[in-house]
Amino acid sequence: MTMTSPTSTSPEAVATTAAASAVLARGLRKEFGRTVAVADVDLDVPAGAVLGVLGPNGSGKTTMIRMLLGLCRPTAGSVSLLGEPMPDGAGQVLPRVGALVEGPGFHPFLSGRENLLRLAAFEPLVPRRTAPAVVDDALARVGLTGAARRAYRGYSLGMKQRLGLAAALLVPRDLVVLDEPTNGLDPAGTRDVRAIIAELRAAGSTVLVSSHLLAEVEATCTHVAVLQAGTVVAQGELSTLLEGDLPMLEVSTPEVEAALAALRGAGVPARATAHGVEAELLGTAAPVVLETLVRAGVPVHEARRRRTGLEELFAALTEEGRP
Amino acid sequence: MTAVVPSPSAPRVRPAPLLSMVRSELRWVFRRPRNLVGLGLLSLLPVVFGVGIALDDGPNSGGGGGDSSLISQVAGNGLVLPVAALSMAIFLLLPLAVSIVAADALAGESSHGTLRGLLLAPVGRLRLVVVKVAGVLALAVVAVLLIALVGVVTGLIVVGDAGGTTLSLSGTELSLPAVLARVALAAAWTVGQLCAIGAIALAVSSFTEHPLVVLAVSVGWLVISTVLTAIPALDWLWPMLLPTGWPAMADVLRDPVPLGELAQSTYRAGCYVLIGLGLTFARMLTRDA
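Protein chains in written order, with my numbering: chain A, 1 to 323; chain B, 1 to 289.
No wet-lab data here; the hints were simulated from the structure. Hints may be right or wrong, so weigh each one.
What the hints assert, rightly or not - Sample of chain A residues at the chain B side, in silico, Cβ under 7 Å:
id: 1; residue: LEU71
id: 2; residue: GLY89
id: 3; residue: ALA90
id: 4; residue: PRO95
id: 5; residue: ALA99
id: 6; residue: ARG118
id: 7; residue: LEU119
id: 8; residue: ALA121
id: 9; residue: PRO127
id: 10; residue: GLU278
Positions of the beta carbon are idealized from the N, C-alpha and C atoms, including for glycine.
Could you build the full structure based on these sequences and the hints that come with them?
Encoded structure:
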């Protein structure tokens, strides 16, 4: 672990955080034969958050999600969804959970609408009488009204993905789990998914979305968990993780030597870069650095705080463990 | 959309009514083009059979298995046709039809990724098996009824009856209602046998995500069982094999009906149903989806 998870793992902590956490997993582990797909994952998704689960292909994202939803049994560890233990509480919790896992799964010979009607018949929270209306609403929400009565076998990859989303959003959900929701979607589709996630969040739902695309997570999520080889290597709020590195201030100036001398004189660690200097903001605030430079007569063209792109963080975290 | 914060005091959610799940399952089974084509072909069997016999009045014109004494009886005895058609279909065609639906029920759903959707709805795993059993059972009943009904109609039209009465295998004359009752008995008994095959196929279906494996196991097991019933040295095995009891279907056309062999084969089928469903329930409770 390069970063410790923000929660402790003591039983008391589990009890107190369970009420505020939409998803709480402790020591989650799944072995397939001798392969360890997920190794001792602790996950904590606060209610109302949008958690992005980020990881390269094969990092255990989907297996973890399947365990969270009770689709497969963990080799070890415990899961609680919306305050109920899984998989024992599945009958109570899953009606309030919408999920798109491992891509959309539907019958090719039925139309999109018929596929959803079939699922609606099995959904506890869909009123029997209004099921067709509920299905039509869900189809409209993902922009599939036009293709609703065409056989699923003729759908494009993006349309299949949209139908999967519609199934997850059949009724208002407290928790929505989307496993790689933008796979196969065109830019408009990706935008739609972002809009849907934003809507869900505005409505107070918790969203767990997995992706191997960093931009996707950066654009939609409030929280991030980074998975690598079955373990969570970083977890927390997006803003915290983005600035998790040493904070730096980049200053563009033609007079590098003067700037370095002034900063060192003020006790601020700094080094030269291509266009100026880079000052560490450890124990110093950005205004202090700028004031020091200006007082020393150094011309400052531009100053900006360097954000660690999630991409850098992601690359750094996932490259680390590789042989 | 309502904002809901997880609370332990949320009202208990009641599962979707079993009836609407079963209705949806039946719609799924009977809307599938492949199943409809299969049922259509099955209903052609008595027609082809009847026409063939009407064209060639020879005693052994049926060909392709079945009880030759039954087939010879069909000529001039139209109402024997449905029973003869059932006794032919039970050796392969009906078990195949039932196995296809059982293969789709769990292995097929799993391979399409739709099993996940159902479990996430959520459907309790035991309820899901109940719904699937209903689907398989419904197909077995419809397939048998189709053969029986088309058999009766074809028998009356194409072959005709000997002046309103039918000759039983014992040589006595049976009235029309009596014959129809016996056809119904044959149909019910056939459904019982198919339940055994359906239960075993469902059990296999719950262990795999390849529908073809289910068909291969189911048909392979049936063929091997049938072959074993023809090997006298293995007669100690016969009481355990389903096809051992299948020639008993001809008994419904004897007068009076000897129920011994019919009852025993139904009891045997019941044992298979218990084993098959037991395995299916046990497996589905722990299956990863």
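Status of each hint after checking the structure:
1. LEU71: 5 Å, holds
2. GLY89: 10 Å, violated
3. ALA90: 5 Å, holds
4. PRO95: Holds, about 5 Å.
5. ALA99: This interface hint holds because 5 Å falls under the 7 Å limit.
6. ARG118: Nearest chain B Cβ about 5 Å off; hint holds.
7. LEU119: 6 Å, holds
8. ALA121: 4 Å, holds
9. PRO127: 10 Å, violated
10. GLU278: 44 Å, violated
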